[in-house]
Amino acid sequence: MANYSTSEFKSGLKVMLDGDPCSIIENEFVKPGKGQAFNRVKLRNLKSGKVWERTFKSGDSLEGADVMDVEMQYLYSDGEFWHFMDPQSFEQKAADAAAVGDAKQWLKEEDLCEITLYNGEPLSVSAPNFVELEIVETDPGLKGDTAGTGGKPATLSTGAVVRVPLFVQVGEVVKVDTRTGEYVGRIKG
Amino acid sequence: MSSRIWQPAASLEAMKARAELLSTVRAFFDARGVLEVETPALAAHGVTDPHIHCIEVPGYGWLQSSPEYHMKRLLAAGSGPIYQLSRVFRHGEAGPRHNPEFTMLEWYRPEFSLEQLIDECLALLGRWLRRPNVIRPFRHLFAEVTGLDPLTCPPAALVAAAAEAGAPHGLDHRQSVDFLMATQVETALDPATLTVVTDFPAWAAALAQVREDEDGVPVARRFEIYHGGLELANGYQELTDAGEQARRFAADNQERAGHGDRAMAPDPHLLAALQAGLPSCSGVAMGVERLLMAIHGYRDIRQVLTFPTQRA
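Residue numbers (our numbering), protein chains in the order written: chain A, 3 to 191; chain B, 3 to 314.
Simulated from the structure, these hints should not be mistaken for laboratory data. Hints are supplied without guarantee of correctness; some may be wrong.
To be verified - Simulated coverage check for chain B against chain A, where a stretch passes if three residues somewhere in it have a Cβ under 8 Å from a Cβ of chain A:
1. 85-97
2. 170-177
3. 202-210
Said to hold, decoys possible - From the structure, some residues in chain A lie toward chain B, with a derived Cβ separation under 8 Å:
4. GLU30
5. LYS33
6. LYS36
7. PHE58
8. SER60
Ideal placement from N, C-alpha and C gives every residue a C-beta, glycine not left out.
The following block holds chain B by itself, in its conformation from the complex (with noise of 0.2 Å):
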């Protein structure tokens, strides 16, 4: 059994999907006057982030999870509108959607709203999934599943409703939420529809701006859009203000630190960039081989990859 292991996992059908679906981005944003880059996947910083853990290279620093520092910095030096097609890691991520090295296809708009933004995604994910869609904040749509609103309702009650569908012990009111969303709400969501969703938690703003909805709750200005359970992008009304941003890393190592990570060092370079001038901008990040299993109904990442980890 183990002696096949030299073999693809991806079927050469798969291959010859992946190369269709790269020729079809890069031809979608070359006729839109979006200019493709490439920017280091190795590199001194890592995220902050607290549920991001980046692959550390001995003597190097770290494999990128995701260009986005390196992206913004060429926007702050005046790139004008730019995408990327790039390899990503992420330590321990490994499952039936996930693999600790992908690709990702991201991409940053200047002057752009949220909202044109989400309308160019749609416009490229119509290029292989005719659905219709719809937009949902995340607390409409995280209410309708569990009955709670997850910005307003008690938190003692978003824990207890956790515990209840099988969390494990000692999780905070942000994890029962998280907790919910990833088992009960994404599961319930129209296997035959795009879902955007978005307004999220301001907790969970990590590069994005945030604003109050229409009760005065504050929210994140980011979305993501779902096929079926399946998340397939995520974007942000990109934070341009370098105060806050040195905040929102310094907040993350405080995070970090309860849960026991060690921290990372902000990146000094994308904090000199917005303080040089990041242009306002929404930027989307989306994940191939996700795309790659909404568009051709694989169920398993392992189906769209050459050489998953496992055979790597």
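The following block holds chain A by itself, in its conformation from the complex (with noise of 0.2 Å):
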């Protein structure tokens, strides 16, 4: 990979910092009145996700990260690995539980999401913003409650247990948005 100087850096460039791909967040350049000048760094690390805070001096630079961003479709899980395959390729990944981290509670075969792959296999997997889900369990709720004040718990096919109103029932499918875990609204069958 290229490398990237201080002067390159900008939000969303990929690099390698300790070993660990990371993605630049912000890139702050302090220089005293006459003197050696620095680039302040915020960095996302890919692996983990914490925010990293680093000082450069200006001039330095950093490896390219091989990482980028595609569009897979889920295929299947093995219990070990999760499996996606490129729609236009048919080419197909597997990517481990630390890479589908909290994306797989809402994972539902022939969904796209995006994956993140570095050196070419699947560093995180993204869920959808939305999936839509069938509930295969949850209290029978009460006749005739249609606000859904206090709502109630629902299992989804996927093992997702979200919040839903009170009139929802089992084999019905629900819209989620994965990004907050809450009930948006009914699929009309």
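Build the complex: two chains, separate frames, hints provided.
See below:
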């Protein structure tokens, strides 16, 4: 990969730092009147998700990280790996539990997900922002409750548990915002 | 989102503020008998300063990072007091307070002491910024904030203090002082005051004269004016000795080589002008965008540039 100098650091650039791929969030140039200039840089470690703050001498450089975001279709899980396919090339990739992380509770076969590849292998998986999943288990609601005041827990086909209004029943398909884990609405069959 | 990038970054208000500032500057110097001049932005030589990187224009030379060399040639030729509003260029300097191309107000006063020039700077700034001012030697200011005397305490203590404050590895002791100045001292300056910092370390003399302070420590006859932590101006009691200037050029290039930067050819015209005789003088440069930021409270230099580098 190419090397990038501090003057080329900009938001979104992927670089290697301490052996981990990182994405630059912010790059601030600071310079005393007549002297060495510095760049104060905020980076997100793409493996851990942690935000690092580092100061570099201006002109220092970091190696670029072979990181790219691709859209892939979720196929299935064998329990150890989650398998995805590029819908154009039909190439398949296997992501481990660390890469899939919290996204696994939302993955439904054939859904398209954004996968971050590092050196060609899945580093992280983002579930679609909204998913539609069937309810497999929930307490029967009270008849006549349409306001959904308190709500109740419901287990979805993927194993995720979300709070749904009392009137929603087993077998119904609901739309969920995966970023907040909140129920959005019912999908009418 | 990117479709709006054709539009200026500066508001109409900021553009008017700039126009007003420029006419105030011209009236100020006109009333004081200082001649407005223009010198090239593109010339055969750049600067050797180890911390300034000029932009090369293949086939022509270098975009000027300051009009200093040409203005000194005018002074040596007998121009008398002169000022200039010029565009200057610095590679790699971009951020909330920096743009690779910016406007510099630079002026030179033959026979002025550094103290007289500081007074003139404060008089000009007083047109817009009614603030109390304090004048502090670099050593005292630095020691007050960090607890370390930058010129007399052991270099290892300064390196350790910078490392503790989050400096990158491998800084030498001068770079450690620069780091602490930029990240600790400047940020601690009183936002409601104009702080004039004088007597910089001799190693940061650039083109200023060096003298010994009251403790016998060599210091540069330089000053900087800060508005809060924002540097507005940088002035020198100008070096007039051609031999010393040639030695500084050589020392700069040695330092550049140590950083892995290419050597810059010393400007022979400046050396010839010093040899012919530069009158004793003081000179200062002020960043026009920084002034606009200080006067009108803009927090980002892009707010005062019609088309900052990202849009230019």
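With a cut-off of 8 Å between beta carbons, are at least three residues of the stretch 202-210 of chain B near chain A?
holds (count 3)
Do the numbers back the hint for LYS36/A, that is, is its least Cβ distance to chain B under 8 Å?
holds (5 Å)
Closer than 8 Å, Cβ to Cβ, for at least three residues: run that test on the stretch 85-97 of chain B against chain A and report holds or violated.
holds (count 5)
How about PHE58/A: closest beta carbon in chain B under 8 Å, or not?
holds (5 Å)
Three residues or more, CB to CB closer than 8 Å: is that satisfied between the stretch 170-177 of chain B and chain A?
holds (count 4)
Taking the least C-beta to C-beta distance, is LYS33/A closer than 8 Å to chain B?
At about 6 Å, which falls below the 8 Å cut-off, the nearest Cβ of chain B leaves the hint on LYS33/A intact, so it holds.
Would you check whether SER60/A satisfies its interface hint, that is, whether its CB is within less than 8 Å of any CB in chain B?
holds (6 Å)
Can the hint on GLU30/A be confirmed by a CB-to-CB distance to chain B that is less than 8 Å?
Result: holds, 5 Å to nearest chain B Cβ.
Violation of the numbered hints given earlier is absent; every hint is satisfied by the structure.
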